[in-house]
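Mind docking chain B on chain A? Use the hints.
This is what each chain is made of:
2 protein chains.
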Amino acid sequence: MSVAKEDVRSLAEAARAASRVLATAPTGQKDEALRAMARHLRGALPTLLAANEADMAAARTAGKGGAFLDRLLLDASRVEGMAQAVESVAGLKDPVGEVTEEWDRPNGLHVRKVRLPLGVVLMIYEARPNVTSDAAALCLKSGNAALLRGGSEAAHSNAAIASALAAGLTEAGLPAACIQPVPPGERETLLELLKLEGLIDLCIPRGGEGLIRFVAENARIPVVKHYKGVCHVYVHAAADLDMATRIAVNAKTSRPGVCNAAECLLVDRAVAERFLPQVGRELVARGVELRGDAATAQVLSRAGVPVTPASEEDWGREFLDLILAVRVVEGLDEALGHISRYGSEHTEAIVTSDEAVAGRFTREAQASAVAWNASTRFNDGGELGLGAEIGISTSRLHAFGPMGLRELTSQKYVILGQGQVR
Amino acid sequence: MSVAKEDVRSLAEAARAASRVLATAPTGQKDEALRAMARHLRGALPTLLAANEADMAAARTAGKGGAFLDRLLLDASRVEGMAQAVESVAGLKDPVGEVTEEWDRPNGLHVRKVRLPLGVVLMIYEARPNVTSDAAALCLKSGNAALLRGGSEAAHSNAAIASALAAGLTEAGLPAACIQPVPPGERETLLELLKLEGLIDLCIPRGGEGLIRFVAENARIPVVKHYKGVCHVYVHAAADLDMATRIAVNAKTSRPGVCNAAECLLVDRAVAERFLPQVGRELVARGVELRGDAATAQVLSRAGVPVTPASEEDWGREFLDLILAVRVVEGLDEALGHISRYGSEHTEAIVTSDEAVAGRFTREAQASAVAWNASTRFNDGGELGLGAEIGISTSRLHAFGPMGLRELTSQKYVILGQGQVR
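The listed protein sequences derive, respectively, from chains A and B. Residue numbering for the first sequence follows the UniProt record's numbering, starting at 1 and increasing by one per position. Residue numbering for the second sequence follows the UniProt record's numbering, starting at 1 and increasing by one per position.
In case anyone wonders, no lab produced these hints; they're calculated from the structure. Predicted, not measured: the structure shown is a model, and the values here were computed from it. Do not rely on the hints blindly, as some may be mistaken.
No copy labels: a pair is met if it fits in one copy or bridges any two.
List of simulated lysine to aspartate or glutamate pairs, EDC-like, C-alpha gap at most 16 Å [as the list claims (entries may be wrong)]:
| # | residue 1 | residue 2 |
| --- | --- | --- |
| 1 | K113 | D380 |
| 2 | K195 | E217 |
| 3 | K113 | E98 |
| 4 | K5 | E192 |
If we strip away everything but chain A, and leave its shape as in the complex, we get:
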C-alpha cells in the first residue's frame, strides 16, 4: 500500500495530462461520468463493504476509539448516501466557461472574465471514506483532476471507492487519471507530493490541526487551509433573549463535533443577570458543561446553574464537545476585542435588534462568515446554497469560507478585438 517517490511524481504527471482533457470536457460528458460513478459505487457495494471491513478490523486491532470507528465505517446506507451525493453534483451548474463579467474598453476591445479549472487538486484527509467520492465529484464537475490522499486507516476503503469511480469515468470516455487515489505511505511520499510545484495547482488538507500544520509548513504548492473553528455567539444588550437562547443552544448542541459549532458565548453585562440563568438551564439540560468567567460564575451559581471556572486556556479553545466557555463583556468593543484575540476567523454570530450594532459587528468581526440573528451552524456550503462544499477555508487567499464548485475554479481574461494594437 505504500508508494515510492518516483511513483508519486508519475501520478501527478498523469493527473496533469488528464486535467488538460478534463479542462475542456463538455458539461454533458462530466455529468454522464458523475452518474456512472454513482452507479458503479452502488454496484460495488459488496466490494466496498469487504474493503471497509478490512480497515475496520485493523482499526479495532489498533485499539481505535468509537468516534474514529464511526467515521471510518461504511454500511449500505452510507454507500447509498455517497452515490446520491455524487449524483447531486451532476445537477449543479457547471462553473467552467461561465462569463462572470464583461465590459467594453474605449478602444473597442470587449473584455470577458471566464471561469476555468485550477488544474490538479490534491486533497489530503484522514479517516472518512466518503471524502474520497465527495471530493472526486466536486473536482470532476469543476474540471479539475483530483489526487486523493486519504488516511492509511481507510486505505482499503478508499482504494475500492476509487476503483468504482474510475470505472464510471472510463464508461463516460474520460481518462481514469482524472481521479487518482494516492496510496498512503511514508511521510517522505507526502513531502514529495507537496513539492510538486507546476504539477499540482492546489492542496486542500482536511483533518486535525496537526495534519494541516504539517502540510502548510512543508508545501511548495499553494494550500487553502481549513483550520479549526473557534466560533462565538455574542448576545448584545439589545438582543431578543428567547431568540438568543435558541441560537446559543443550537450553535452549541446541534452537532458539537463540527467546526461551525459555537465554543464560546459572550454576553453583555446589561443582560447577563436575566439571560445567563435562562440559557444556562437550557444548555445544562442538554448535557453542556459551562466554563464561565468570574461574572458568569457568580450569576449562574446564584441561579443554581452548575458552572466551573474558566481558565485562560478555555478562551480560543475548540472543544468539539458539549463544553461551552462563557464570558460577560461590557459591550460591542469588548466582544470584538475578544473575538479578534481568540477567534479563528471561521464563524461569528451576534444576536441583537440594534441594526447599527449588527452593522459594525458584521463589518468588523474577522471571520469567513458573520451571522446576525442566526446560528453559527449556517456557515456550510449546503446551508448557504453553494450546493456542496469541499471544505471551509479559514484563510483569505483565493477562497474564504465554504468552497463550492466556483471556488475550485480560477478566471481568465478573454480579449476580443478587431485588430487593436498599443
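Using the frame of chain A, we list chain B on its own:
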C-alpha cells in the same frame, strides 16, 4: 540599512495591528491619505533626488549597466509621475465593503458576499523605486497594510519615499505602520519574513525569475507568483494578414522588455508563404532578429529576409529583447500543442476571421489572458480597465492575470437572519 530577525517580526506585528485599523477605515479617510501622500512626495522632491543620487552613485561604482541605472533613476518628472499615480488611486472605487452577490435561502436567511481586505501584503521587488509608491497606494486603498521590501540598490530611494508616504498617512490620521519599508538586509531576514504565517497574508514577488523562485521555494506564507511572460501570436490560415502583421509587429516591438511582449510567432503553413515575408520585412526593419524553424527559414531566405535557425532553447524563451522565434504549424491543434508545451500561462493571441477557431483557441489556450485579433500587449491592468495593477499573476490561485484593487481583497459571507437555527 540591515535589520535583525527580531526586528522583522516587530515590523510584521506592527503591520498586523495597523491592518486592523485600516480594514474598517472609511473610504474618505483612505483617499485623503492618498492625496496627502502625493503632496508629501512632491514636497520631498529634493530629499528624494538626493537619496536617489546616493543609490545611483553606488550602482555606478558597482559597475551596473545602463538598463539597470535607468530603472533606478528618479528625476523630477518621474517623481511627479509617482505622485500622480498615487492620486489616481484615490479616484478608483473602494473595493472594501462591496457586496458582490446576495441571495435568499428558503429558510428566510439573506446571504451576502462582501469584500474585505486580505490583511498584510508583503511586496518583494528589485530596483524600481516607483514600485514603492505604486504598491503602497494600491494596498492602502484596498485596506491592506503593506510591507515593502525593495532591492538593496534602491535602499536610500525607497526609505525616502516611504518617509514621504508615512507623513501623508499621519496627516490623514492613519497609523504610519500601514506602509512600512523593510530595510533590505541579509538573506536570513528575507527568509524570516517569508515564514511569518499568521502575520503576513500574501506575498507578491516582482522581479527576475531567480527572485521569484527563491520566494516560492522558501515561503510559508501564501505567494501569488508573477513569473515570466512567454507570449505567442498565432496567425491562423483564415487571418487577415495585414491585421496579423500589425498585431505581430506591435506585440514584439512596442516594448520588447515587458512581460506581455510576444516572444514567438506561430504561422499556419497555408499562409506561411504569403505572410512570413510580409511580417518578416516589417520586423527586420524595426531591428528584430528572427529565429525560425526550418520551414520559416526556407520561406524567409527565399524572400531575402534575414533569419537565423532557431534552436530548441528558443522555444519557450523570454528574450525580453528584439528577438522573435518563428515557427510554421499545421493548424490550430499544433499551435495549441506548442503553446501548452512552451507557453508560460501569461498571454496568448490568435489572429483569425474564423469565429469557431477563435472560440476553441480562447477556451483551450492556457493563459491568464487570451486575445482574439488583438495584441498581447493588452494584458495589463490599465489597458483592461482595472485602473492600476500591482502585478500580473501567472498562477491560477486567488488571481490570474493583472491584479488590481479587487484582487487585493477577499470575500466573506454575511448571513442576515431572524432567529434561524438548524
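Checked hints:
With identical chains, the CA atoms of K113 and D380 are at most 16 Å apart between copies only, with a shortest distance of 14 Å across copies and 27 Å within one. With identical chains, the CA atoms of K195 and E217 are at most 16 Å apart both within one copy (11 Å) and between copies (9 Å). Taking the closest pair of Cα atoms, K113 and E98 come within 16 Å of each other only inside a single copy of the chain (8 Å); across copies the shortest separation is 18 Å, beyond that limit. Taking the shortest alpha-carbon separations for K5 and E192, only the intra-copy value of 6 Å comes in at or below 16 Å, while the best inter-copy value is 29 Å.
The earlier numbered hints are all upheld by this structure, with none contradicted.
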